[in-house]
Structure formats: structure tokens, C-alpha cells
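Visitor: Protein chains in written order, with our numbering: chain A, -16 to 416; chain B, -16 to 416.
No lab work stands behind these hints: they were computed from the structure.
Among these hints, one or two may not hold up.
Note that identical chains are pooled: a pair holds if it fits in a single copy or bridges any two copies.
[Said to hold, decoys possible] Calculated lysine-lysine pairs in the DSSO-like style (CA-CA distance at most 30 Å, straight line):
1. LYS390 x LYS334
2. LYS38 x LYS346
3. LYS76 x LYS21
4. LYS229 x LYS416
5. LYS390 x LYS370
6. LYS242 x LYS183
Source: prediction; values computed, not measured.
Listed here are the chains, written in short residue letters.
2 protein chains.
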Amino acid sequence: MPRKEPSRAVNIGLLGLGTVGSGVYQILTSECRDIERKTGLRLVVKKIAVRSLHKKRKIRVPQRILTTQVRELIEDPSIDIFVELAGGIHPVKEWISAALRRGKHVVTANKALLAEEGLSVYRESLRASRRLGLEASVCGGIPIIKALTEGLASNRISHFFGIVNGTCNFILTAMSRGSLSFQKALAEAQAKGYAERDPKLDIDGTDSAHKLAILARLAFRSEIPLRKISVEGIRSLSGADIEYAKELGYVIKLLAIGKKWKRGLELRVHPTMLPLDHPLASVRGVYNAVFLRADRAGDLLFYGQGAGMFPTASAVVSDILDIARNISSGSRPAAQPLFPQLPVLPIDDVKSKYYLRFQVEDKPGVLGQIARTLGRHDISILSVHQKESYQSRSVPVIILTYEAREKDLRKALGIIRAMRQVSEKPVVLRVEK
Amino acid sequence: MPRKEPSRAVNIGLLGLGTVGSGVYQILTSECRDIERKTGLRLVVKKIAVRSLHKKRKIRVPQRILTTQVRELIEDPSIDIFVELAGGIHPVKEWISAALRRGKHVVTANKALLAEEGLSVYRESLRASRRLGLEASVCGGIPIIKALTEGLASNRISHFFGIVNGTCNFILTAMSRGSLSFQKALAEAQAKGYAERDPKLDIDGTDSAHKLAILARLAFRSEIPLRKISVEGIRSLSGADIEYAKELGYVIKLLAIGKKWKRGLELRVHPTMLPLDHPLASVRGVYNAVFLRADRAGDLLFYGQGAGMFPTASAVVSDILDIARNISSGSRPAAQPLFPQLPVLPIDDVKSKYYLRFQVEDKPGVLGQIARTLGRHDISILSVHQKESYQSRSVPVIILTYEAREKDLRKALGIIRAMRQVSEKPVVLRVEK
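Next comes chain A alone, as it looks inside the complex (with noise of 0.2 Å):
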């Protein structure tokens, strides 16, 4: 048998100590023997940097290890893992980066940093030969990062799609389970603590969209600029186009989406339908899931809480004792290449399935004249239905279409949407499979 040897302590820098911060805590103490007795390695959480000495918590921390000076953490040479759980932008991104420059190890939960700043940091990490982790920062407890880095490590991903926001996600399965207005649903989702005061970063995309920067660049190993981004949010979605997708045979879900053409790169993120019976569909509530393609493994799915304090702690402690183990055997990161940046196409020249709901004038020959106007701008169609009017004097008509350009969506619906007969902006959503 190999030689027992005494485990070295790895001394831990938590900055932040609210919910995911006090997750991580607990775990890092309470499993503390069970992780040494597992791994043969002693986490120690040695200091902990927070705004308020004197703020009342839940959890019992020694006062001795609390500090309002990042600083201390930075500069304390016992500290080989910098953990940010403080999120923003500034000054953190300048403090993970003297914590690189000072040997330190980062792990961080950030998705906003890492999205609009990742490659700064991760440049730094290169230059100071230390580790970044970033499991925490998608899908909270689904280990999505190291599948997509290590996992999959011989793959080309040609596609992904992400429920990556459990609000949005709540949302969307409450409107649809009980037919709920957008508005009445955001309240339950307020209500049950799933949403926040102000639900703005979920509810328009912006939170799926820093997700879908993050996965990207690790799927299609390649610099994601953020702004490149086509986001739509969920807030304009109304409870008769659930209702009329849910008659068609299909859900609608908030997905972040990455393709991969020789042409360049798709990412967009926007309300979706799929069909009843695709994988992500069955994904309700609070739940996030990313499906992939991958050249090798074949088709992925990947499914469990994408939030809250216990699943975003556990990630977080996964990247720490990833590290440790590399600490403690002595590894040095490998230098690992900067990604390329790869081309990413403009919306305009995406193509999707569509559908298009339109109120019309219920009279003769309004139908003929749409058809004709999608038809002179390329666009096929793959079925007509004409509803029962829920309005007074105007009926609603859905047309699913076949693959269309989205430029040549966009002219045709302008030209539509000047009819007299028509009377409302037309819904227009993108069909997955």
C-alpha cells in the first residue's frame, strides 16, 4: 500500500459571504474530515472578506477570520485559493487579478465578469500559471463546465441548447401549467423567492446570455464578444401563444442557443418552441438542463437545480478540490492555447423555423395575401391555422413555417404589418427540434 502521507492544509480566501459564500462555508466545514478522510486533503478556510464585521448571519463564523480588507486576503502568502462569491464587475475583476499575480488560484461564481471579461482573466490566469474555476457560474450544481472541458474533452459540440434561468423557466412552466398571464406568473415567481424585486437581468435574457457566453467559449473554444449576442427575454410572451403552441404539439422555453457552421458562429438567446416530446422539454420549474451535440459522444443532456445556495456552493466546492488535489500532487497547470475568435454571424442571416401568429380582419382573401407576401420573400409554409376569435373583430391566424432567413422574415412582416387588415404587431417566435 502507498505510504500515508500527512495531509497539507490548503488555505482558502472566501470573499463574500452571502448566500452561495455561506453554502461554501458550511460545506468547507462541516464535510471538512469527511473530505480529508475521501481525498486526503484539509481545506481551511483561513479568511473570510465581507462588507459588515457586524452584520447578523445565519451561520456561526469565528469573528477572528472575518475582514472588510479584501486586501488581507490578497496578501496573506498562506492563502493558495482566492474564491470570489462578491459578484460586479469592479473592483473584483482587479481583484482576482492581483490575487493571480500574488500565485493565488481563483475560483469564481461571476457569470457577468466571466462573460464580459473572461478572456482578461483568463489571460491573466496563463501569465501567472494558476487555475481558474468557473463551474459555479452556469447551472449552478449540473457539473456542465468540466463535462464541456474534460468530459468531452476529444469533441467537436456542433450545438447546444440551454434552459439556463430557473426564473424564466418557473415562469414559463407556470403560464404554461396554469395558464397564467406573464404577470401573474412573475408574481409567483416573486412570491416563492424565484424571482427578484427587480427581475429585469432574468426575465429580458441578460442572465441566459452571459451563460451562453460562458458555454460557448468552452464548446466552440472560442472568444465570445458579448455584445455579438441576439437576445430576446420573455417578457412580451403572452398566454394564448402557450396555449396555441401547447394545441400544436409544442412547449415554448427561454434557450440559449450556440451553433457551429463553417460559416461562423450562431448564439442567440430567445423564447423557443419544441416540440412536446424533445429531451428539454420535460424540464419544469426551477430546473436548468443543457442538451448538446457532441461529433464523438452523440447527443448529451445534462439536468438538475441551476441555482440557489446548496447546488451553486457544491460546484464551487468541486473547482476548490480540484485544485487542491493539483496543489497537493504538485501539478502545474498546462499552458493552455488563447481560443481564436471565431466569426459570429449576424442575426439577419440566421435561419430558423418560425411561428408567426397575426390578428386579422376576419374576411375573405387577408389569408391569400400573407401567404403571398411570405412566399415573395422566400419564406415556405409548413401549416395555417386559423383560430377561434378571443377578440371581438379580429381573428388570430398561425402560420408554422418552414426554414427561413431571418432579413427575409423581418421584410415580409413589415409589409404585413402595414395591412389595414391586420391589426396587431405579428408574434413571431423560432421553432427548435
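Place chain B on chain A using the hints.
Guide: Quick look at chain B alone, frame taken from chain A:
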């Protein structure tokens, strides 16, 4: 920027050039530049041991690296990783031991070996301070081993359900979709190449038990004696029960079930009724999936292709890459403790909900007699469904029970079976949710 070091070659010896071996060879040769660019690692297949040098192969392999002597791989000091894709227990186990003793790391997809002799092989790897990669042994392309051992390292797993045999899942899906008999569905699976000509290992549940042993060992950190796993296959499932299950809102899947209780482990493979909205219910065809509950990360599901040349080869290559990274970074494997052996609960003591189908004479009083017998044995009835007769003289009566003990059920069924009015052996299926 870090100094770009010249990449050292990591040499691989491949034992076996069948389906998976050919896939591994193809990935390693076609992706070698990409892998080197991405990871700085140069992977070289140095030697391949095969049964015959002159067999016609679908892939082109230089004759000079082929040998019929496994010894040549084991004794070649330049080979760093011994990749075992031959299958079978002996002499493969001895070859692996010899390779470990010669300082080679080992990657294997051999689930039978790992299930039956895993402890001994693992001990050998500890003794030699070498790594043992086994991602490909369970669920092909799904990185479930990595998730259990690394991604969820700080979690305790309370239970898991796995659809780990694609052949059985294909057969059950075909029976359920097309109302086929077991025999017809099996013939279809064989025609498509999803079932062996001798399908025993798959349909009798042995293959699932092997995978259960490997998953349970890692999930519960306990040695798992294969013979303590209770195993039932799908051979005796009738189309009628699949139909009745569907009517009641359930689907039947062959599950590998592991649960950890204070009293011990529950380990069983059997056809199981799952509610239609369970995340595993929509896993169709040859796909595999593992659902698990982790104390911190929450409920997780991993879904993908469980077998096939490239999915399995992708898992083998991910292990090779992990080991190669460690070799190149100079890391030594940590001395992990051996697992203690937790007690395994005898199937008699396992509690479950049940679906019971009796064929009874269509006469008053029979149902009452059955219900009383169940009641006397502590088995409470959740619902009773009397079906239309599909035979001439008896009618099927279906009873769903609350949770009951296997031992009690068996006793009650013995008594019921002896009733004059009960014409066939009762059908018993366990129900999970």
C-alpha cells in the same frame, strides 16, 4: 505569457482493436493535432495487441504497431498508458495487474471485470500509485463517472436510478410504442444491431447489475459484492402490463437502483414502473440516463448514448487525456482510501410500492379475498382496476399498493396464488417515483 514547453509524447498501448478499440484509434489519430493544440499533449499509439495480425479491418493501422503479444505492451517501458479494450475477466485482470506493476496507468471499459474484480484491480492501482480510468465502463459517452467522483465530490448521494442498458431500453420503448410482444421487439433490436444474437447478458439484467455495482461503489463509497445485487430482467414482461401501466400514467423501464439508508444499501435491477412525468420516463430507444439525488447539488440527470463505437471511445479518450495531463504536469495520484463495505439489505427487507396483476375468475368475492389477504400481510391498497377480459374465462385485476415489504408481499402472493379462482402466476412490478 507562460513559456511554451515542447510537448512530451504520452505513449499508449492498446489491447484490443474491436469496435471500441478502432474508435479510440481513430479519434487519437484524427484528432492528434487538435488535441496537441488544445492541451499541449502529444498522444501516440505505440503498440496495439490483437488476436490476429492478418484480420481484415475497417480502419487502416500500420502493420508495424500490431502485435499478438500483450507482453510486448506490458514490457515496453516507453508505454505510459495501458488501454484495455479486450473484455473478459481472465487473463485480462492479470495483464492489467502486470501493467500497473510496470508503472503504467490503466484505462479500461471492462464493466464485467470492474464489477467482479474491481476492488482487487483498484488495490493494485493504489499499490502501484497509478491511475485507473473507468469512464467508459458505464453509460458510454455520458461523463457520469467524472460527475460522481469529481463534479459531486463534496456531495452525499442518497439514491440513483439508471437506465444503463440501451438494448433493454430499446426493447421496452418498441414494446410500448408499437404494442409489440417482447419477442418481436427483441427481434427488431437484433435486426438493428442493438442486441446480440445471444442477448442473455442484456435482457436478463446482468449487464445492468455490472454497471450498478460500479456506480454504487462510487456513489456510496462502498465496496459492492456483485452477488448481493438483486436482479430481474425484462424477458417475462408482457405487452399487456405495458399497456395497463400506460393507462395508469406509468411507463416501464429496466432500472438499476441504488439507495443508501442508515441500515445499509439497497441494490436492485428490475423492470420498474415510473410516472410519465418522471425525468427518466422520456428516455427512449437506445439512450441511457442516470438520475441521482445529491444532498448539496440536488436532483441531477445525465442523459446520452450508452454504447456504440464513438460514444464509448470518446469516454476512453477522456480518461486518456486526464491521465496524460497528469503525467505532463508531473502530478502523482493521491493516496485514496479503500472503501469500507457497507451492509447490503436483503431484498426481503426492501420496501416498495407495487403493481400487481392477477388473472381471476370473474366471480363475486374473489377481489375481496385477495384484498383481505394483502391486508393481513400489512399491504395497503392504493387502487384497484378491473380490466376487460383479454382471455375468455378470467379477467385481469390490477392492484396498486402503498409501500410494502418484499417479504410480506411474497407471503401474501403465495397464499393468493393457491386460490382456486386465480389462474396464473401474479405479475409483480415495483413502482418508483
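Visitor: Determine for every hint whether it applies to the structure shown.
Guide: Here is how each hint holds up against the structure:
1. LYS390 x LYS334: The answer is within: 9 Å in one copy meets 30 Å, while 60 Å across copies does not.
2. LYS38 x LYS346: Neither: 67 Å inside a chain and 73 Å across chains, both beyond 30 Å.
3. LYS76 x LYS21: This pair counts as between: shortest inter-copy Cα distance 26 Å, intra-copy 34 Å.
4. LYS229 x LYS416: Intra 15 Å, inter 25 Å, cutoff 30 Å: intra and inter.
5. LYS390 x LYS370: Result: close within a single copy only, 27 Å intra versus 57 Å inter.
6. LYS242 x LYS183: within (26 Å within a copy, 41 Å between copies)
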